[in-house]
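Following UniProt numbering from start to finish, the sequence shown increments by one per residue and tops out at 933.
Any given hint could be a false lead.
[Claimed, not checked] Derived lysine to any residue pairs resembling SDA-like cross-links, with alpha carbons at most 20 Å apart: (1) K263 x H557; (2) K263 x R77; (3) K545 x H557; (4) K401 x Y458.
Hint data in this document are derived by calculation from the structure and do not stem from the laboratory.
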Amino acid sequence: MANICNLVLLFRYCHITMNLARFVLSKAHTRGLCWCMNRPLIFCRQFLQTYATPHQNSTSQTGVPYNSYQVSDLPRRADVVVIGGGVIGCGVLYHLANHGITDVVLLEKDQLTAGTTWHTAGLVWSLRPNDTEVALLARSKELMQSLEAETGVNTGWINNGGLFVAKTTVRLDEYKRLHTLGKAFNVESYILTPEETKKLYPLLNVSDLCGSLYSPTDGTIDPAGYCTALTRGATGKGAKVIQNCMVTGVITYIDDFGTRRVKGVQTSLGTIEADVVVNACGVWGKKIGAMAGVAVPLVAMRHAYVVTEAIEGIQHMPNVRDHDASIYCKLQGDALSVGGYEPNPIFIDEVDDNFAFSLYELDWDVFSHNIDGAITRIPAIETTGIKSTVCGPESFTPDHKPLMGESPEVRGFYLACGFNSAGMMNSIFAEELAKWIIHGRPAVNMYPFDIRRFSTRYTENKKWQHESSHEAYAKNYAIIFPHDEPLASRNIRQDALYKRQGWERPGWYTDDGPVPLFTTLQTLPYNYYGYYGNKKLLDYHYYDKLKYDYTFDFPKHHDVIGSECLACRNNIVVFNMSYFGKFYLVGPDAQIAADWIFTNDMQKNPGSTVYTCILNKAGGIELDLTVSVLESGSGRPHSPKFEGRGFYLAVGGGAAQHAFSYIMDIIQDHKWRCELLDHSDDVCFISVQGPNSRVVLQKLTDCDLSDEQFPFGTHQDYEFKAAARIREQHYYMAKKQKTNLQQLDLCINGEGLEVIKIANQEARAMRMSFVGELGWELHLPSSDAVKVYEAIMEAGESFSIRNAGYRALDSLSLEKGTWYLVTNIGIKHDVILFVFILSNMLNFNCTVFLSSLPLFGHEAIWRDGTCVGYLLRAEYAYTLKKTVACGLVKSPEGTTIITDDSKKPVHNVEVMGKLITAAHLMSYNPRLKSVKK
Numbered sequence: 001m002a003n004i005c006n007l008v009l010l011f012r013y014c015h016i017t018m019n020l021a022r023f024v025l026s027k028a029h030t031r032g033l034c035w036c037m038n039r040p041l042i043f044c045r046q047f048l049q050t051y052a053t054p055h056q057n058s059t060s061q062t063g064v065p066y067n068s069y070q071v072s073d074l075p076r077r078a079d080v081v082v083i084g085g086g087v088i089g090c091g092v093l094y095h096l097a098n099h100g101i102t103d104v105v106l107l108e109k110d111q112l113t114a115g116t117t118w119h120t121a122g123l124v125w126s127l128r129p130n131d132t133e134v135a136l137l138a139r140s141k142e143l144m145q146s147l148e149a150e151t152g153v154n155t156g157w158i159n160n161g162g163l164f165v166a167k168t169t170v171r172l173d174e175y176k177r178l179h180t181l182g183k184a185f186n187v188e189s190y191i192l193t194p195e196e197t198k199k200l201y202p203l204l205n206v207s208d209l210c211g212s213l214y215s216p217t218d219g220t221i222d223p224a225g226y227c228t229a230l231t232r233g234a235t236g237k238g239a240k241v242i243q244n245c246m247v248t249g250v251i252t253y254i255d256d257f258g259t260r261r262v263k264g265v266q267t268s269l270g271t272i273e274a275d276v277v278v279n280a281c282g283v284w285g286k287k288i289g290a291m292a293g294v295a296v297p298l299v300a301m302r303h304a305y306v307v308t309e310a311i312e313g314i315q316h317m318p319n320v321r322d323h324d325a326s327i328y329c330k331l332q333g334d335a336l337s338v339g340g341y342e343p344n345p346i347f348i349d350e351v352d353d354n355f356a357f358s359l360y361e362l363d364w365d366v367f368s369h370n371i372d373g374a375i376t377r378i379p380a381i382e383t384t385g386i387k388s389t390v391c392g393p394e395s396f397t398p399d400h401k402p403l404m405g406e407s408p409e410v411r412g413f414y415l416a417c418g419f420n421s422a423g424m425m426n427s428i429f430a431e432e433l434a435k436w437i438i439h440g441r442p443a444v445n446m447y448p449f450d451i452r453r454f455s456t457r458y459t460e461n462k463k464w465q466h467e468s469s470h471e472a473y474a475k476n477y478a479i480i481f482p483h484d485e486p487l488a489s490r491n492i493r494q495d496a497l498y499k500r501q502g503w504e505r506p507g508w509y510t511d512d513g514p515v516p517l518f519t520t521l522q523t524l525p526y527n528y529y530g531y532y533g534n535k536k537l538l539d540y541h542y543y544d545k546l547k548y549d550y551t552f553d554f555p556k557h558h559d560v561i562g563s564e565c566l567a568c569r570n571n572i573v574v575f576n577m578s579y580f581g582k583f584y585l586v587g588p589d590a591q592i593a594a595d596w597i598f599t600n601d602m603q604k605n606p607g608s609t610v611y612t613c614i615l616n617k618a619g620g621i622e623l624d625l626t627v628s629v630l631e632s633g634s635g636r637p638h639s640p641k642f643e644g645r646g647f648y649l650a651v652g653g654g655a656a657q658h659a660f661s662y663i664m665d666i667i668q669d670h671k672w673r674c675e676l677l678d679h680s681d682d683v684c685f686i687s688v689q690g691p692n693s694r695v696v697l698q699k700l701t702d703c704d705l706s707d708e709q710f711p712f713g714t715h716q717d718y719e720f721k722a723a724a725r726i727r728e729q730h731y732y733m734a735k736k737q738k739t740n741l742q743q744l745d746l747c748i749n750g751e752g753l754e755v756i757k758i759a760n761q762e763a764r765a766m767r768m769s770f771v772g773e774l775g776w777e778l779h780l781p782s783s784d785a786v787k788v789y790e791a792i793m794e795a796g797e798s799f800s801i802r803n804a805g806y807r808a809l810d811s812l813s814l815e816k817g818t819w820y821l822v823t824n825i826g827i828k829h830d831v832i833l834f835v836f837i838l839s840n841m842l843n844f845n846c847t848v849f850l851s852s853l854p855l856f857g858h859e860a861i862w863r864d865g866t867c868v869g870y871l872l873r874a875e876y877a878y879t880l881k882k883t884v885a886c887g888l889v890k891s892p893e894g895t896t897i898i899t900d901d902s903k904k905p906v907h908n909v910e911v912m913g914k915l916i917t918a919a920h921l922m923s924y925n926p927r928l929k930s931v932k933k
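All chains, please: the whole structure from these sequences, using the hints.
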């Protein structure tokens with residue numbers, strides 16, 4: 001029996017299961033078409049348990065470095081407990097051990113790979129529309145190819161290349177962008193003509209193609225072999241794998257400072273204490289999260305592929321993706337695995353705990369969408385039988401990106417799940433999570449995958465999860481346009497101006513409504529694109545306008561956005577920025593916390609407002625925001641009461657949850673006596689910008705808005721008694737401390753300092769600007785926002801005041817020289833400004849380019865014939881009438897960055913495969929003077 005066991009273990013679980021399924025089903029089906037039923041696959045699972053699972057207490061060599069444990073073998077404590085024995089869980093175990101954390105235990109309720117990993121197609125691509133993913137995919141492939149030398153286990157890596165085919169010129173443009181980005185990361189790829197594509201893949205129908213993208217370094221990986229290699233590498237360093245051990249609870253506690261933390265896990269074999277628990281449970285991730293009181297926003301869906309019979313001439317062909325047909329064709333020896341993303345996937349309410357090495361019956365009505373596309377692309381499939389079908393549960397998230405990092409609800413509880421059927425390809429993400437656990441942060445910018453990218457307001461919202469995950473699934477193979485917007489889950493969160501403006505966040509304003517340039521479009525309830533019994537929307541004005549952005553050229557509304565920008569530069573506009581996060585840092589240790597957390601000098605007088613960054617432990621940028629120094633106010637949302645000094649934080653809406661959680665982590669770790677109060681929902685944020693902003697706002701307030709009384713970088717809101725005496729004290733202290741008197745913000749009216757009022761409503765007014773113009777930000781109670789907004793629009797009517805959206809804000813800010821640090825720089829890099837040269841030790845510098853072509857970021861930068869970097873951000877600058885772009889440039893090894901204008905090398909930007917010469921600027925801020933006068 002031992003010999004039989006060893007022999008069976010040489011086979012990979014998934015291959016054994018499939019072969020047995022084929023054998024059983026071949027007796028029932030004499031034709032090429034068959035279905036994988038639950039019954040024969042349950043038999044296969046029992047076979048594996050009988051012959052492939054090492055007996056408890058066995059002392060014989062089993063061929064794998066893990067065993068099933070008795071209760072007495074279960075460790076009482078571990079540094080880290082990893083729940084889930086799929087590829088991500090095995091990867092976290094391996095990388096923790098590889099980085100020196102060896103007291104780690106992986107718990108699997110059944111056998112390794114038994115959940116969803118065992119039936120994955122195992123495709124590995126090299127090019128993605130995200131710079132972080134491209135870099136990580138290269139590392140994934142390196143590990144897949146090097147593990148055998150380390151562990152002696154063949155991972156099953158096959159390098160047969162990958163081919164993306166394009167039916168439209170727009171799709172080919174997308175591939176050209178991927179091709180260009182890949183050059184910055186040394187990814188080999190080629191744009192092929194239809195004739196070249198046919199020569200590479202003779203069985204391919206190219207009659208309707210415009211071209212293709214070929215990446216010769218793509219391939220496939222065997223899930224069982226890869227996971228075995230990962231666990232062998234980990235256990236060889238001292239980590240443990242315990243199978244047939246179900247987690248039944250996650251133990252948490254509240255420490256002396258009110259912070260909820262992980263304490264351990266309860267299992268079917270006993271309890272393990274641990275300060276860190278990793279949820280790598282895939283479709284069961286939501287259930288494990290609930291045990292800890294953590295919301296895990298993922299949904300389970302059936303995801304399928306079929307394996308064909310042998311196809312003559314298919315051997316050694318690359319894997320194919322036809323994104324326009326939403327299908328892939330993976331080489332499987334002398335056959336193909338065919339799958340894809342249909343528009344009407346089957347949702348799964350709950351996956352049973354015992355659903356291991358099991359599958360669902362394939363619904364051919366749903367899957368026929370993929371088969372039709374595959375036959376069109378490879379006609380030989382039509383006359384080839386189907387050997388077997390694979391339809392299993394997979395986890396999908398609202399934005400089709402993994403859920404990574406420490407949860408905002410419970411410290412020490414980490415997520416590594418929701419990989420959207422791409423966990424095998426993205427398995428190197430596990431290394432970043434290991435670094436996250438060890439060092440408190442990953443080594444690269446993982447913000448797009450951090451669970452804290454989602455507000456906790458949404459993560460338990462089932463409607464949001466269901467709708468958004470469906471749309472992300474159905475559009476997985478859709479072209480990634482820079483300004484696409486979802487149709488799902490709209491109107492879930494609305495600010496006080498929603499009924500007036502009709503948007504959650506204004507993008508741009510249409511010019512075809514009853515009032516020119518003031519009209520917004522209503523979004524409708526999500527209709528699942530006409531599936532699941534919903535009617536297709538034939539008249540959806542918003543969607544029609546959204547399609548204007550389905551281009552890599554300037555959109556139809558390019559000039560509309562431009563008119564908003566120019567109105568800001570030359571007149572006056574209103575931005576509704578209520579989607580920002582608004583927090584108050586208060587408490588006895590608030591000043592200590594502010595001094596530690598923020599990079600700017602926070603030892604300022606009340607009334608000061610500063611732009612600042614928050615750095616991480618490595619000294620890189622984590623966040624950027626504005627912080628205002630406060631004293632206790634009236635008790636209303638915009639002016640709370642508190643003891644001592646306080647600080648008001650305004651953070652970009654996309655980074656608000658991340659900012660809140662990150663700051664709270666620092667406070668909790670230092671055990672400071674302070675708290676962070678979230679007033680994002682009951683405070684509105686209206687920004688009035690432009691040369692005429694002072695004139696219009698002065699009509700609505702008695703407060704003097706002159707430079708002398710209201711200088712740049714200050715805010716006003718306070719109501720003091722005996723204000724004259726207080727002002728004299730402030731001046732005395734300012735002179736004593738040699739402080740700039742212009743930092744004072746007191747507005748005198750007779751005997752006292754009045755509360756700043758706009759249209760007879762209280763507001764915190766800040767003299768700030770992200771667009772490089774004279775302007776004020778008004779932070780006021782949501783209950784008063786409509787009145788103030790309408791008063792501003794009425795007062796500005798004679799100046800042709802108009803609304804402006806965030807698309808204009810993006811353009812104006814980059815034209816001025818402002819980066820959005822979370823999305824553009826990320827948490828890896830040191831501080832970068834428009835004209836700032838980084839440390840020569842890092843050998844990077846920031847560059848600014850001008851072009852007449854539309855740019856969107858991720859275009860490769862060339863210098864003297866060498867690819868040296870890529871653009872991070874690009875916008876059309878309407879004042880300059882040029883596209884402005886910023887990028888990171890790495891100097892060739894051994895060279896230094898040249899800052900002398902006369903010695904600057906020639907830079908080019910690659911746009912859709914073409915090199916254009918770029919004008920290089922080391923500084924640009926056209927209207928700085930107008931901001932401060």
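Now the hints, each set against the structure:
no.	hint	verdict
1	K263 x H557	violated, 54 Å
2	K263 x R77	holds, 10 Å
3	K545 x H557	holds, 9 Å
4	K401 x Y458	holds, 16 Å
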